[in-house]
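Asker: Put together the whole structure using the sequences plus the hints.
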Amino acid sequence: MTLILDKVSLNIDRHPILEQISFRLPIGQSLVVLGNSGAGKSKLLEVVAGLRSNQSGKISYDGRDLGALSPQERKIGFVFQNYALFPHMTAEANITFGLQARQAPVLEQAKWLKAVAAELKIDHLLQRFPAELSGGQQQRVALARCMVLRPEVLLLDEPLSALDAASRERLALLMKKIQKKYQVTMLYVTHDHNEARYMGDQVLVLDQGRVVQMGKPEEIFSRPVTRFVAHFTATRNILPGRIRERCGEGGALVEVAGTQLLSTSFPDWGEDVWVCMRPEHVSLIGTVSENSDEMSGETFAKTSGENLISGYRICQVIPQSGAAVLIELMNRAEQRLMVFASSRRIEDQGLLVNTEVELVVAARHVHCLPRQPEDIYCRPE
Amino acid sequence: MKTSGFSVLMTLVVLVAGLFFGSPFAALLRSFVATDGLAQLLDRQVLVVVATSLITALLATGLAAVVGIVLGYHFTFRKQVGSRWLKTFFSLPLVLPPSAAGYMLLLAFGRYGLIGAPLYQAFSLQIMFTMTALVLAQFFVITPLMMQAASSAFQQVPESLVKASHSLGADEYTTFVKVLLPLSRPVLVAGVITAFARAIGEFGATMMVAGRLKTIPIMIYSKAMGGDAGVADGLSLLLVLLSFLVLLLVNLLGESRR
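Protein chains in written order, with my numbering: chain A, 1 to 381; chain B, 382 to 639.
If you're looking for bench data, these hints aren't it; they were derived computationally from the structure.
Treat the hints with care, as some may be off.
Unchecked claim - Listed next, the stretches of chain B that the computed footprint assigns to chain A, with coverage defined by at least 3 CB atoms under 8 Å from CB atoms of chain A:
#1 533-542
#2 545-553
#3 559-565
Unchecked claim - Quick partial rundown of chain A residues pointing at chain B, CB under 8 Å, derived from the structure:
#4 GLN72
#5 ASN82
#6 ARG102
#7 ARG145
The structure presented is a predicted model; accordingly, all values stated were derived computationally and were not measured.
Even for Gly, the Cβ is constructed at its ideal location relative to N, Cα and C.
Answerer: Written out as structure tokens, the structure reads:
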């Protein structure tokens, strides 16, 4: 029971838009397609929905070849980026449009309309036109319009991008709830890494029409395979480094930013690497202590599995949502590090701008990826 | 603020243009009052001509609306190899001299014409110099107008709405009837009104195929040439008023759309 895309490619006006896209998604799971504008995310959804006719490759759902079916025959719901509600129809007419097009019995139309409207809490909005609805309400109507058709696959094209923060949160929760409740297979397009993390059972990173990486969110976020993925998933600390020693037991010593870090995630070949550390994985433990020189960083790391980083001063403290702050640090060589901390901790420890601090990052959170792009995909002879 | 030379020049051009474009209307009004054009309009012969013009223009507009919308849809949504050439071909009557259009229609539908001859031989059907010919001539000239109006109307409908309709299970016909037509209605109505105005004012092509029949423009021409200024004044003013009303309606539709 899987949605399978096998080497799906799409050219428009002879330009490759999608190249050899392949993945398998178990039915009932959600896949977030993450990528820049122009990466081909929306086109990928259109291909799955059957709205593009000139693609190559195979698409199947539960063993059924979708390529042989028209959009009308595929049981697919599509929520468009701008919701694409019909402006001349009421919310109710929008929702029942698909049922009428599929010639569903009138009684069934009414039953499903009522159920979906109650589920999405839009009963009171049914007689309004799209122009009379807020962005969040329009989004709910667009979702209802799809859900009323009981789709096997739900395609969502940046459904939250036009909403304010509060509505985004509410609707993300709602969509996740609905997806889980009805066990609908979902393809969710976004360029927002936070949404990707929350909405996806799996995440697929798309760059210039190609799949760069696909996996569980935690894998994508903590083990990006390219610098692009690392950058796109907000790994703010991407530093050039060099593997000095592969020490066995799955560890390597990496020289980075004038210090040596122990990493348990590194390529088997190549010396030049990008060292990726997510800001939330680097802990600020306080000001430089008198005992910090007693044990070398290397020994400390090898014994504790934690890397001690010193020599950085606070440059600026940037408030984030909630009680978190993002701290920008810099060492003497003007290399930057970004770390998250709680604002309370900053206050309690009196960490002001220009204070020299010590940081700790676990070896498993120091992720190295080959600096040469070709090293990622092919191992030298 | 100091008045620049450029500003003076602009004002001068506007004034001269106003005088130039205003003078024929002023002259028409003066002549209409002098010749008692209103009374001439009530003449039975004139009324028949007005009725002929209205009936043929209405029929031609109805036909052109249907065919123009279909062509507009085709060239907007069903682009194929050679579509651009074909669209240019269908647009030709827009720029073709109307007399040439009329002459070509004669060659095609005349008793010895490409299509007219077999029709005459098989059914003794004569198209030229009948009301049908007038309708055909007007239809030939205004269909490209309607096609272009429909094209631009359909292009204004966001592509995502068409895709949404298809993804919801609507076929091409349902999408056309339930989504495209209602959303493009104002532009289509404006197109129909403009096409009707063009049809009722059509002269060159109609003249070539009319025979003894007369439409308003043909009668204006023949009366003006024959020195019967009263009828020419009355009918001209009627067309001016009609054209003014049409433009007003189209503008109003445009404003309501915004």
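Asker: All hints are to be evaluated individually against the structure, with a verdict given for each.
Answerer: Comparing the hints with the structure gives:
no.: 1; hint: 533-542; result: holds (count 3)
no.: 2; hint: 545-553; result: holds (count 8)
no.: 3; hint: 559-565; result: holds (count 4)
no.: 4; hint: GLN72; result: 5 Å, holds
no.: 5; hint: ASN82; result: 6 Å, holds
no.: 6; hint: ARG102; result: 4 Å, holds
no.: 7; hint: ARG145; result: 7 Å, holds
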